[in-house]
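**Student:** Protein sequence lines correspond, in order, to chains D and C. For the first sequence, my numbering gives the first residue as 115, with consecutive numbering after it. For the second sequence, my numbering gives the first residue as -3, with consecutive numbering after it.
Don't read these hints as lab results, they were simulated from the structure. Glycine residues also receive a C-beta, built at the ideal position from the N, C-alpha and C atoms. One thing to keep in mind: the hints can contain errors.
Derived, one-sided and incomplete: chain D residues facing chain C with beta-carbon distance under 10 angstroms [what the hints assert, rightly or not]:
1. Ser172
2. Leu193
3. Pro204
In silico negatives: residues of chain C with every beta carbon more than 12 angstroms from chain D [to be verified]:
4. Arg(-2)
5. Gly4
6. Cys5
7. Leu20
8. Leu22
9. Val44
10. His48
11. Ala66
12. Asn67
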Amino acid sequence: MFLARIEGTLTATVRHETLRACRFLIARRLDAGGALEGEPLVVLDRLGARHGGTVLVSTDGDALRRLHGDTVPARLSVLGLVDQVRLEGPTPDDRGAAR
Amino acid sequence: MRLGIVRGCVVLSTSVPSLRGTRLLLVEPVTAEGLERGDGSGGGKMLVVADHLAPAEGQMIGFVEGREAANPYGRAGAPVDAYCALIVKATDYRPGTGDRAWSGEAGR
Chain D
115 MFLARIEGTL TATVRHETLR ACRFLIARRL DAGGALEGEP LVVLDRLGAR HGGTVLVSTD
175 GDALRRLHGD TVPARLSVLG LVDQVRLEGP TPDDRGAAR
Chain C
-3 MRLGIVRGCV VLSTSVPSLR GTRLLLVEPV TAEGLERGDG SGGGKMLVVA DHLAPAEGQM
57 IGFVEGREAA NPYGRAGAPV DAYCALIVKA TDYRPGTGDR AWSGEAGR
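Could you build the full structure based on these sequences and the hints that come with them?
**Tutor:** If you want it as structure tokens, here you go:
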């Protein structure tokens, strides 16, 4: 699981049959300091995540198989909407900068 | 799932039986900068993606990687690790600045 921020939405009229009823969002992963990192990711959302919101994303494809069937070609889904992130002490990035 | 632009396709003269009937797309993944520009540029490292949806060259797709890429083949399975799950019609990508949850406010 990892934290990500919702940066956009996506519409797709042609999609795998198991993804017919899904809502897709574009998210980017957050690093230990809260900065965006990596390529944009398409995540499935059932919770109503909003643009700019921080979400908890699962990479467990089995969860989606239970919901959408065994042949679903997807892995990333929103597990929760984050209200607050509390970090105690320096982040790995801070420690790297201090070396 | 990542986003990518279809740049072409691969045709095999001989293949393992489980790949028969599968198109193989040449896909350039879309980076955050490429998506923000919105000009059809990708920016990522090209890869081959298995496909049954038949997107056209230049179209944007969403492709899944890893074990889930073989899910559509069911119990018979197939040795694919990237699969085209959707053809993108439109994106609304508006990268924001700052993160409310991280600064202590509600993130919703």
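**Student:** Could you run down the list of hints and mark each one as holding or not?
**Tutor:** How the hints compare with the structure:
1. A hinted interface residue such as D/Ser172 counts as satisfied when its beta carbon comes closer than 10 angstroms to some beta carbon of chain C; here the least separation is about 12 angstroms, so the hint is violated.
2. Look at D/Leu193: its Cβ only gets to about 14 angstroms from chain C, farther than 10 angstroms, so that hint breaks.
3. With 10 angstroms as the threshold, the beta carbon of D/Pro204 stays out of range of chain C, its nearest partner Cβ sitting at about 15 angstroms, so the hint is violated.
4. The beta carbon of C/Arg(-2) sits about 6 angstroms from the closest Cβ of chain D, which is not more than 12 angstroms, so the claim that it is off the interface is violated.
5. Separation of C/Gly4 from chain D is adequate, the least Cβ-Cβ distance of about 19 angstroms exceeding the 12 angstroms criterion.
6. Residue placement check: C/Cys5 keeps its beta carbon more than 12 angstroms from all beta carbons of chain D (closest about 17 angstroms).
7. No Cβ of chain D comes within 12 angstroms of the Cβ of C/Leu20; the nearest lies about 15 angstroms off, and the non-interface call holds.
8. For C/Leu22, the condition that its CB be more than 12 angstroms from all CB atoms of chain D holds, with the nearest at approximately 18 angstroms.
9. Consistency note on C/Val44: stated as away from chain D, and its beta-carbon is indeed over 12 angstroms from all of that chain's, at 15 angstroms minimum.
10. With 12 angstroms as the threshold on Cβ separation, the claim that C/His48 sits away from chain D is violated: the shortest Cβ distance comes to roughly 8 angstroms.
11. Non-interface call for C/Ala66 relative to chain D: violated, since the shortest CB-CB distance, roughly 9 angstroms, does not exceed 12 angstroms.
12. Not every CB of chain D lies more than 12 angstroms from the CB of C/Asn67, the least distance being 5 angstroms, so the non-interface label is violated.
Hints 1, 2, 3, 4, 10, 11 and 12 from the earlier list are contradicted by this structure; the remaining hints agree with it.
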